[in-house]
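Given chain G's structure and the hints, the job is docking chain A onto it.
Okay, here's what each chain looks like letter by letter:
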Amino acid sequence: MRRRNNTAWAVAVIVFAFLYFTVPLVATAAFALSDGRHFTFQPLFDALARDDFQSAMELSIGIAILTTILSIVIVAPTSYLIVLRFRRLRTLVDFVTILPFVIPPIILTLGLRQVYGVESPLGINLVGSPILLIGGYFILSLPFTYRAVDNAMRAVDVVTLTEASESLGAGGVRTFRALILPGTMLGIISAALLSFTTIMGEFTLASLLGYATFPVFLNNVYASEARQATALVIVSFLITWAGVLALAVVGRRAGGSGIAVRRAA
Amino acid sequence: MSTTRSTGAPSPTVARRRGGLAALALLPFAFLVLFFLLIPAVSLLVGSFHPSKASGLTLENFGYLRGDDKSLQPFVNSFILSFSSMVTGGVLGLLIAQALVSSRSPRLEQLTITFSSVAANFAGVPLAFAYIATIGVSGLITRFLVGFGLDIYSAGFTLYSLAGLTLVYTYFQLPLMVLLMLPALKAVRREWGEASDNLGATRWRYIRSVVIPVLTPSLIASLLLLFANSFGAYATAYALTTGFVSLVPINISNVIAGNVFFDPGLGDALAVGLAVVMTVCVGGQAILQRRASRWLNR
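Protein sequences, first through last, are from chains G and A. Residues in the first sequence are numbered from 42 upward in steps of one, following my numbering. Residues in the second sequence are numbered from 58 upward in steps of one, following my numbering.
Looking at chain G on its own, in the form it has when it is part of the complex:
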């Protein structure tokens, strides 16, 4: 008796959740993919054919790839060495890598603008340079990239692996390349996916520091072409889906649940 009530209640809640998730997407598609009376993909094709869309997408993908490579190249050896050799620095590095949670993008933007803007107190003007965006994005994605790599380093017990490898005569670099990297590859791929998806959707830094990335373009084009912009929301949604699914696949292979939690932009 009580069990049946429980089930009915649970079903109602799940149905609500499903509607809640899908209605905004249906409304988006309904507005974007119609010319008032008929269903058409034309607004989407028009948006995709725009030169400014293509250059925005190229910039976003380029910055995302460069930053992701930089993140992996720097975070993987750092995490390895902290676990292996510099255990006393552990607390400090853990603190630094969660700091971007306490300093949201809007604060980081203000700080970067102050230090590397036109009136830079250090005399380093980085306005318009990709270095500014890449550096900022490295920091923004650090909590995710570092956590993912660090968890993998600890899961495979790199200390024992390294001892075994070095007692067989392998050097540090060779140990890292031949043993540690392959052993932690799933964690590294997770980190790369987290970094890539975070950057593809990032608006705050790019917009306020003056870079025409995809989200910035999306926001700008809405004023003149609301239908095209809304059609691109679907593209943005598909990118999010692809990222989450890829993370779930990697996470499942690594034995986790594949839960991906990122902070809202």
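Think of the hints as simulated: they come from the structure by calculation, not from any bench. Beta carbons are placed, not taken as given, at the ideal position from N, Cα and C, and that holds for glycine. Possibly wrong hints are sitting among the right ones.
[What the hints assert, rightly or not] Which residues of chain G face chain A? A few of them, derived with a C-beta cut under 10 Å, are:
hint	residue
1	Thr48
2	Thr119
3	Phe142
4	Gly152
5	Ile230
Chain A alone, transformed into the frame defined by chain G:
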């Protein structure tokens, strides 16, 4: 583990040289963190204590601490928005997570986790436009309701207000709550309920004496994270209102954009205030999560 370390090292000198090389490998990380995180953060902190037209130190930028209306307003609004979206997302998210646990269907659970991950990550500009298409002035739901004789816009609702923003923020707050609470709810063992039944406890007594004490740390920790999540959010609010709502992140962006009505010192002071709010939430969350993990990791 560390006792076996020395056996593999060829000689003390080689080990020391390798240690030095290893320290060198940490430099790029230190360099990036220093230049793109620590120096900007310190610059804001120092700037917040600088008067706008003189040298020395001052507290004049922290008008909101003195209850100065103009600089307190964004904090009040951000607080209202974060609190309301924490409540809506928190309550609904908790209900959905509990429904999933009750359903005892691993497939449904996996499906909801995937959907929740997407929705929790679907924020910012695209989310704002999706909601305009849904419940904006001529959105799908708005027109649907007008068809039933209910015109929400003439009844005073607007998407471009704190109430509207609460609705939009709930879209990422709710699934975040589901993802955060699901592991905690699953840690409440069925056997505990059976045990308390066997001992003659009422359902309410079981909830009060077992479920609530076990879940409270996770629950508060999750709510703190939700609060912080919306307090620092900028993109969604900006895309929806084009900056015409007074929130802390929006006010900071006005300073960055060089709006003459906002002086740099105020921007720094707002940023410091925002960082303090975030620190309290994230710090509190971390402490509570550690307590909660007593039950989670078994």
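Exercise for the section: Could you check the structure against the hints above and give me the numbers of any it violates, in ascending order? Expected result: 5
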